[in-house]
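A.B. asks: Protein sequences, first through last, are from chains A and B. Everything in the first sequence is counted per this note's numbering, starting at 1 for the first residue and increasing by one. Everything in the second sequence is counted per this note's numbering, starting at 1001 for the first residue and increasing by one.
Think of the hints as simulated: they come from the structure by calculation, not from any bench. Predicted model only: the values in this text are computed from it and were never measured. Think of the CB as a built atom: it goes at the ideal place given N, C-alpha and C, for glycine as much as any other residue. There's no promise every hint is true.
For each label pair, taking beta carbons as the anchor points, the in silico distance ranges come out as [claimed, not checked]:
1) A:GLU186 - B:LEU1319: 39 to 47 Å
2) B:ILE1054 - A:MET263: 22 to 30 Å
3) B:PHE1015 - A:VAL21: 26 to 34 Å
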Amino acid sequence: MNTKRIVYLMLNEAGIGLVLVLLCFLFSYFVPAFASINNISNIFTQISINTVIAVGMTFVILLGGIDLSVGSVLALCTILAGLVITEKSLPPGSAIFLAVLASMAAGMACGLFNGWVCERWKIHSFVVTLGMLNMARGAALQVSGSRTIFSFPRAFNSFGTLSCFGIPVIFMMAILLVAVGHFILEKTVFGRMIYAIGNNEEAVRLSGHNTKIYKVAAFVICGATVGMAAILYMLRLNIASPILGNGFELSAIAAVVIGGTSMSGGKGSLMGTLFGAAIIGVLNNGLLLLGMSDFARQIVTGAIIVGAVVLDTYRAKLSLTLS
Amino acid sequence: MEPDILSIRNLSKYFPGVRALSDVSLSVRKGEVHVLVGENGAGKSTLIKIICGIYAPDGGTMVLAGDPYSPRTPREAIDKGIRVVYQEFNLLSYLSVAENIFFDRLPRRGGIWVDRKKLFRDAVETLRRVGLDVDPWAPVELLGVAQMQLVEIAKAVSSKCRVLILDEPTATLSPGEISRLFEIIRTEKRQGLTVIYISHHLKEIYEIGDRITVLRNGELVGTKKTEEIDIPRIVSMMVGRQMDAEYPFMDSPEPTDEPLLEVKGLRIASSPHEISFHLKKGEILGISGLVGSRRTETVRAVFGADKKFGGSVSLEGRLLNVASPGDAVREGICLLTEDRKSQGLVLDMSVEANISLAALDKFSRLGLIDKKKERAAAENMATELAIKTPSMLQLTRNLSGGNQQKVVLAKWILRDARVLIFDEPTRGIDVGAKYEIYLLLWRLLAEGKGIVIVSSDLNELVGICHRIVVFSNGAVSGEVLRRDFQQEKILEYAYRVSHEGSDAE
């Protein structure tokens, strides 16, 4: 029984952290270049965008929903922000400010649509966001005339490569977002409601709360993080394109699930999500350095996702037998 | 004397920090109805789960009909002739009655195809045996609770079942349905079936039981023949102390004359009738009626949990607009739902979070939860209601039924509602916890609140209410004051088809 207890603890957030540490240790042992400051800084950059989207995705999944549209919405956000930022009639400063605003607003509007349709007609978010996946991608292509937008203000482009003691600024922003999200989930009434509704919506409703508002809000939050991620992505690539973000929804969902958040809702944490995103990033980077091909890496990453879900069900079982 | 069919020797089961069963021995004789009683958390469910192969015991042995018996899976237990009918049924609601009865042994034709003719014949025969008159091809979801239960029993008796375990079989049945169930049990008993019967209704035990085994805190208190023991003695064996009366306040103060809640001409989805009743300050109003009389639907509509299709609800003469539970809670009306696990509690959250769930605004500023204040309030409620939990952070799932119910009560008391509507507040709860809940109701009355209690337990209503409103077929069919309380009178109203109802049908 005692060993079971230890396994149980390991499988919780602490365990995901341990897996991450173990992975880093293994990679730095087999590939010396892995632990170089340069490479670590690289990994930080690579996981930033997924982390930001995964924060929003965590809110949605904690409520038992899912958002498949984040990748296409991100593309739409970059296009709208790109159009604003390259508007010649605006001074660069206000162009950048308005571009950020446009990106966030577009993301939140898509989230509001997702959440509202789900709640108004009681449709599962899988279906609604699958529709949004197509709509947003189409809109991005339509608005941009399927052209890539570039030549952003210099100030904007140089901010993207800024780093402080080897830590990229966009990674710091991602971490800040995780911290804010964690605070919301742990300390606020809103966070308490997210967990409670994810566990038993009917009980929360019958306790006198309007659960629909919270569920819609989670999608709006998810849209807002996509809007942020779009700006970060533009900072990194210095372009805006309607074909960006393909498959981002899967990476974000993978990060959330590997991080131990239950797909049926109610259980999980943003710390776990951060670790989940880091594990995906470290794996991708390390396997690449090991000389593994693109395709082989995809196989490994996929297997890890399945493994994480298997672990999750095992953990659920354990916590039942232990209680 | 009949030989033992199942003997249990020194069975023990431990969970981390809990001794669920310790050294329990008992023997069940062939063809008897063996009643198992005990408070929630006494170890009844653990014992049953070991017998039917869900848990493996940590110590002890079992012998079934002379052979050593240690099932590793529920399947193995079923193959050896042990069947359980749980409170929550195990039926496939979209499949037919016939398919449900023979689900694990459908008659085959050519190895692959289901022999529907034989299935039909077998089903008809089995249904006749348990006295259930339904179309074997009807989907189970269309049946009522009592009928579903009979399907479960049909499932058991049509297999080579030797020991049938019934877990609280009468909790949701009306008196008529109960006596029919007992008739079936007696018939099957004569044909050699052994029944282990779990119940909180002590009166039933005398109607149906041959011997009684009492468990307390995971230990065996004793096994007695039914005729050798009376109810007070069983109760004191269960709780380990003497209790003065089943209902503590037969002579509680009379209610005031001030009206508190007034429901006028309420229309609900499932009834064509208009429903009206009122509640006075300091009054306990009982709502009685058979299963299906729309008692629950009515109180849910008053609370705003389900849609109203007309009528008005007013509080202290002020007309309310209650369109959602949120509106009701703001006005000071609360509803303790019938099913605490699926509707009353967030099982996988802490005791503390559940207690504060309806009153979070009291412990928060600008959306931030003041956890210290919340903890203090929760601890305060836990002491006041004597909620037994190792800590405020314990998951509510891990508490016993009685303590879970107290957590729901704590939630509403903390909300400080003026009208408390309790739907089956003591269902599935042991005598000791029931008593404590009654005492609590009394205290709430003294604070000038009004209480509505919906209950299937007529004894309970007669024992604690000032006035009882009786429902029948979605309409109020009668009202009885305490001085006129007679069970016969109430039952007569309950069985009466309301005047409008007879027109409609």
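A.B. asks: Does each hint hold? Answer for all of them.
C.D. replies: Hints, one by one, checked against the model:
1. A:GLU186 - B:LEU1319: 39 to 47 Å: About 42 Å separates the Cβ atoms of GLU186 of chain A and LEU1319 of chain B, which means 39 to 47 Å holds.
2. B:ILE1054 - A:MET263: 22 to 30 Å: With Cβ atoms ~26 Å apart, the hint holds.
3. B:PHE1015 - A:VAL21: 26 to 34 Å: holds, 32 Å
Comparing the model with each numbered hint stated earlier shows that all of them hold.
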